[in-house]
Amino acid sequence: MGYFTSHSFFYTYNKLDKMKLGESMTLDELSVGESAIVKKIETDDNMTRRFIDIGLVEGTKVTSLYRSYLKDPTAYFIRGAVIALRKKDAKKIYIIRGNHEDVL
Amino acid sequence: MKMYYKQGYQKKNTQEKIIGLAGNPNVGKSTIFNELTGLKQHTGNWTGKTVENAYGYYGYHDTNYKIYDLPGTYSLITHSKEEEHARDFICFDHYDAIIVVCDALCLERNLNLVLQILEVTDQVVVCVNLLDEAKKRGIEIDLEQLSTELQVPVIGTCARDKIGLNELVKQIEEMGKTPIKESIQTKYKEQIEDAIVKVENHLTPFFPKNLSTRFFALKMIENDQDILNRLEEVTNFRLEAHPALSSIIIEQREQLKQSGILYHFLKNDTAKTIIHHAETICQKVVHNPQSNMKKHQTLEKILKSPWTGIPIMLAFLFLIFWITMVGANYPSQLLFQFFSWLEQWLRYGFELFSFPSWITGIMIDGAYQTVTWVISVMLPPMAIFFPLFTLLEDFGLLPRIAFQLDKQFAKCKACGKQALTMCMGFGCNAVGVTGTRIIDSPRERLIAIITNNFVPCNGRFPTMVSIITMFFVGFRPGLQNSISNALILTGIILFGILMTLIVSNGLSNTILKGMPSSFVLELPPFRKPQIGKVLIHSLFNRTLFVLGRAITVALPAGIVIWLLTNLTIDGVSIIQICADFIDPFARMIGLDGVILMAFILGFPANEIVVPIMIMIYLSKTSMTDISNLSLLKQILVDNGWTITTAICTILFSLLHFPCSTTCLTIKKETGSLKWMLFTILLTTSIAIMTCFIISHLLNLFI
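In the order they appear, the protein sequences are chains S and P. In terms of my numbering, the first sequence opens at residue 1 and continues consecutively. In terms of my numbering, the second sequence opens at residue 1 and continues consecutively.
So that you can see chain P by itself, here it is in the shape it has in the complex (with noise of 0.2 Å):
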């Protein structure tokens, strides 16, 4: 198939056109995004706010058009922040055309987003995605005829085999060109209308023109504080300073009331018109609606089983477990022999230009070791984690997975996609917090982003299933010897998963008591995901992404931790001095002042924490990672370790505060410092008392 414009295609000096693409979640918004721009894409974030925004070029005839993949929204009536950047693009800023992408599968539910939205604008072109399901399904939907209903253009496509594109970007064109036609309105109550008609009378003559002053004017006798607020910000319109305009919008509710209709209830009445709109324009477009879920696929009756769904759902969560213990090693252990090898070149080429011993240091031994520590360990997992579960999650598998565990978390308060994001969290913690965007319900999504944490990571993993190994199992290989070894990690998992529950209960009934919650779960059609473009999209926007929040902080705490370990006062070491300073603390809960060192230094990255312990005991000046286990048991047994030192290590390490890149990354999910702070106190405190109740119960009985 030819294709007319060009992909990502950014000519200079020509002009430039801007276009949102916006639509309900899971209706194939990317796919066209990506078909339109390739895969040249552009994230950054908006100005003030925290939701980044993804946005790529193509071009057709000369000109340039910037297109922004806004996040998915079932209204304009917003519940998340990502919601509210759509919203805000729709309804103040400045573009050509906005897409509205549509389901045809269930084409009354996307007409209501549709509705909304040509009370902003009459700039719109329509687009009806997923043809090609709903044929198959016997649906059949009258383009032409929804077209006439609505007064806007209207284009089928099935983005998925590039059908329909060609027409969209032309039809994106002409709307340049010829005069815009004013779209179809929803009509409300005569009452409303009325009053509608009245604040806009007397709107117009101070309203900045871009902006529709009938949606403004409804907003406006809704109270509707919310949108009012953003309007002030951006055009400095307030409503105190036209007080003709308030008193005639007093009246108006008034009047409204006379009738029946109070001012609170009027957003849920308007969206219910909006809704009985759509379903009568539905009635007169879809022919066939009813076939639909007749047709159930037999996939669908295999999950819906428990006989036959239980098995395939533990399967996969087992395959997930499996790649992250083993896939992620085997390129881990690549990219750290590259990296020693390149080490060798460096040192040798600072040796060329004969820098002070001090330089090569910091450079060599603080910063590039750290750093290339952090990307051996967190980029495999992180590379393998975002686009395995960004296709089963556009196969359709994931929200059935969370539909089905969703009543276990429901008793702690939570959300079944919260065992999801735990999923994600064996990879990585940062990933996990980041997953926990599949988490609509604001309460939810902030328990799972708290309790990721207690769920052990790859980088975690290694520091556990070693001290296991050297204090409670043996080193002798053999089946007994690994089954105990599993069985133990099992065990401290299952500690670990206990603690999230009841952290998460104990948060829901305490600080986020009152917290809106809400679970609805949509669980779309299974569908083919597209294998190629998932992969280089995920591992492009986010993978690297979060590599880069990482190296950010490994990079100074590098060098930190080499400076410590460096200078000293009076021959001991810096490191050496906090380490003792903290010492009779540390004993307290079980560890010494050199295990609870490495913890905080290894905030960067949990991987570092054992390195950093062996060098502080054997009083070296960087980190050695020592492979032979039984001259690790040595060291540690030498410098005082016992059974008891062994467990509350591990403990320690289960439930101590994330890593920097985990706490960056909630800080950028949350917006805020705030709940940053919150998770490194509640878990790093949650550690201490264990710690401290284990080390005391022990050492009565050993």
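Excised from the complex, chain S in its bound form (with noise of 0.2 Å):
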């Protein structure tokens, strides 16, 4: 665990039956209730340093809780807090769907 969370993480993924854990996909698209761990972020750097000072990086797990009224923005469980998120935002995180007990 610790630092070599997300290598290791990888290394089991690919081991393990990929439909049964879903495929790689991006946040936005994680239903309601469901858990993720983030595989990879792809945006720039003001919002990875936003993210990281939320604690969402690679090997977060993260929980979709609920959406607007509007479906968006959507209310996430990141290591503790509730944190909201633009779809826009949240597609640029991809994710593998499943949770951490799950997967490792």
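Don't take each hint at face value.
[As the list claims (entries may be wrong)] Each computed SDA-like pair below joins lysine to any residue, with the alpha-carbon atoms no more than 25 Å apart:
(1) LYS87/S <-> SER80/P
(2) LYS88/S <-> VAL520/P
(3) LYS135/P <-> LEU65/S
(4) LYS304/P <-> SER35/S
(5) LYS87/S <-> ARG443/P
(6) LYS88/S <-> ASN509/P
(7) LYS413/P <-> PHE678/P
(8) LYS181/P <-> THR280/P
(9) LYS91/S <-> ARG49/S
(10) LYS513/P <-> LEU681/P
(11) LYS81/P <-> LEU544/P
(12) LYS513/P <-> GLU42/S
(13) LYS284/P <-> GLY98/S
(14) LYS88/S <-> SER305/P
(15) LYS620/P <-> LEU563/P
(16) LYS407/P <-> GLY33/S
(17) LYS272/P <-> ARG97/S
(18) LYS92/S <-> LYS407/P
(19) LYS304/P <-> ASP28/S
(20) LYS91/S <-> LYS413/P
No lab work stands behind these hints, which were simulated from the structure alone.
Taking the hints as your guide, dock the two standalone chains into a single complex.
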């Protein structure tokens, strides 16, 4: 665990049945109530810094909590806090569906 | 519960220790600060900075502690001026200890900041706050274990109930007595550690002793210009002055590159290592973190559903609106009566000393009347609004409203939180502009600041309402009339909102294009707000502060207005000459010279626009407030007012330049004169254009 979480995680992921875990997708596609692990974040430097601030980096577990009435933004549970992200930003976060425990 | 420390204590001639209070936003930092210092707070400006700082005192065992409430920040890598200010204090200032306040509910993320601060200094006390809330949710935190992991003292508190504060104060005293242990340091990848050590070795001999060599060595390798510039400002340390060091840094960057680490990305890389370090610590210290989200509160459930949530939020927005319109008027009236009562006595006093009439004129008819006018109209909405909004934000409702409205605003490239600052604008635009602090993305914040004026404030409402009554509705009281009055007013407000959205969109596609923009909105758990403290705190800190600003402008403006109306050339007052001069231009946009002149002189406060107008029309020498509307209408019609004039006056009032207090606040909040001037220019040209088009269109039909 610790720093190497993301690395060891990729390794195990490749070995597991992809169908069972769900395919690689972006955070905005995660349905409410489901959890996922962040695989990769592809956004500009400014937004990356914001994500780092709230502890959203590769290997972080994210749970989708609820969407706003107009379906955007969505509230996520990230490292003990509830954080709302817009769809356009969530699109840049690649995830693998499933719990930390399920994956490892 | 017995308190051992003394709030707000300031004993003369004893030693003083300096403490900084740092932490993420919303962790109860201010609660701890208020508990320790009492309500005696001082605000002032950090030299050369536009950010206010709050500090206070407490005493413990014959020592004074001066404690700084630093702005909430997620990390030492900064985005905003406020965060920069917290970082500068932590990295460069001289202090005896830093208290890092953590939220027990999301300790993991908070530890991130703790670990970053530990890189800078070992004089840290970690304070895990909100332990009671965490316990309710079944989260257990092993504070002793945390202290062992971090190698710094850890104190658990529930600041709201004053639990743990004595221990905190005691621990800070202890720190001064015992030598400080070396705290834990986050270990980066081996190659990075090697590079840091090599740079550090060369840095140590000539680097200021009180600053952390490890931290700055890393920043030098990362080439963090922001912090290196600040280092130069504070200590005169320039990297260019040390060629040997510079070449070692370049050499180390080269080596890192060979092992696949580019120094451009080093900053993010090290930040991630710290996050993972915090995660590792938390796994040992926090038990049961999962139950956190399962216990969702009922209130959250109610708000989540549109069927129950929308009515509740609308009700709150309506409540805010209603309080602006109605709640502020009554105290306004009282203040007004009080000031006119005082005015009589002042006049009496002036007569008693037989001052010449021009002194009485300048002092009472000019300065006194304008200042009291501004106070009576501005103080009530501000005194109501600042606390109300702080309460709703403490409670956690405001972020949720912003969450629901964000999509609409995002379409115009603005932020959902702007809806809230617009609501504040109904009370007072200066309040609305200050309120934009809740928007943390620079571009969206500027948009909200610049467009706030399109929301008519409490000072402009009466003008609009009376013109509508006079020219469109009629004077007879009745349900039908008040409904049509409300409908027209709603139409005007909607027009203002429409302009806000259009201008927001326009700005982000032109001038503000490329400004950094981000949206990360934290929805903190609902918390019971601390009513008493919030009220007093925001009343003294914010309201009186803004009011002071208002008076500094209103006072000279009042004198100028009096001089303009009373000094005459060939028997015509200067104000009349000015009004005649701008008359041709004013007529082009559907107004007349007097109206425009009144708007210009109404710069200190929009409330005085109508009184000035009447004053010039009647060629009087002091401002009068005519309460009889039919008489007022007669005066206006006699001076050539038509339906077009009325419509254009309302539109001009809605769109024109912000009042002087708002302008000063804009300058203060943006930290530059440029944005203030830009706002004045933009709003005024929009007002002129709109009035021009509307008046010409109307003239075609009428």
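For each hint, the structure was consulted:
Proximity of LYS87/S to SER80/P is assessed by CA-CA distance (about 24 Å); at most 25 Å being required, the pair is judged to hold. About 12 Å separates the Cα atoms of LYS88/S and VAL520/P, which keeps this hinted pair within 25 Å; it holds. Between LYS135/P and LEU65/S the CA atoms are separated by roughly 22 Å; this keeps the pair inside 25 Å, and the hint holds. For the hint linking LYS304/P to SER35/S, the alpha-carbon distance of about 19 Å falls within 25 Å, and the restraint holds.
A threshold of 25 Å between alpha carbons decides the hint, and for LYS87/S with ARG443/P the separation of about 19 Å falls inside it, so the pair holds. A threshold of 25 Å between alpha carbons decides the hint, and for LYS88/S with ASN509/P the separation of about 18 Å falls inside it, so the pair holds. Only pairs whose Cα atoms come within 25 Å are accepted, and LYS413/P paired with PHE678/P is accepted, the gap being roughly 19 Å. With a C-alpha separation of about 22 Å, the suggested pair LYS181/P and THR280/P falls inside the 25 Å cut-off, and the hint holds.
Only pairs whose Cα atoms come within 25 Å are accepted, and LYS91/S paired with ARG49/S is accepted, the gap being roughly 17 Å. Of the pairs offered as hints, the one joining LYS513/P and LEU681/P holds, with about 19 Å between alpha carbons and a cut-off of 25 Å not exceeded. For the hint pairing LYS81/P with LEU544/P, the CA-to-CA distance comes to about 23 Å; that is within 25 Å, so the pair holds. Distance hint between LYS513/P and GLU42/S is fulfilled; the C-alpha atoms sit about 21 Å from each other, no more than 25 Å.
For a cut-off of 25 Å, the pair hint linking LYS284/P to GLY98/S stands: about 23 Å separates their Cα positions. The straight-line distance between the Cα atoms of LYS88/S and SER305/P is roughly 23 Å, inside the 25 Å bound, and the hint therefore holds. Of the supplied pair hints, the one linking LYS620/P and LEU563/P holds, its CA atoms being roughly 13 Å apart against a limit of 25 Å. In summary, the hint linking LYS407/P to GLY33/S is supported, as the alpha carbons are separated by about 21 Å, within the 25 Å threshold.
This hinted pair checks out: LYS272/P and ARG97/S have alpha carbons roughly 21 Å apart, not beyond 25 Å. This hinted pair checks out: LYS92/S and LYS407/P have alpha carbons roughly 18 Å apart, not beyond 25 Å. Taking the CA atoms of LYS304/P and ASP28/S, the gap is near 18 Å; set against the 25 Å cutoff, the hint holds. As the CA atoms of LYS91/S and LYS413/P are separated by approximately 17 Å, the hinted pair is consistent with the 25 Å bound.
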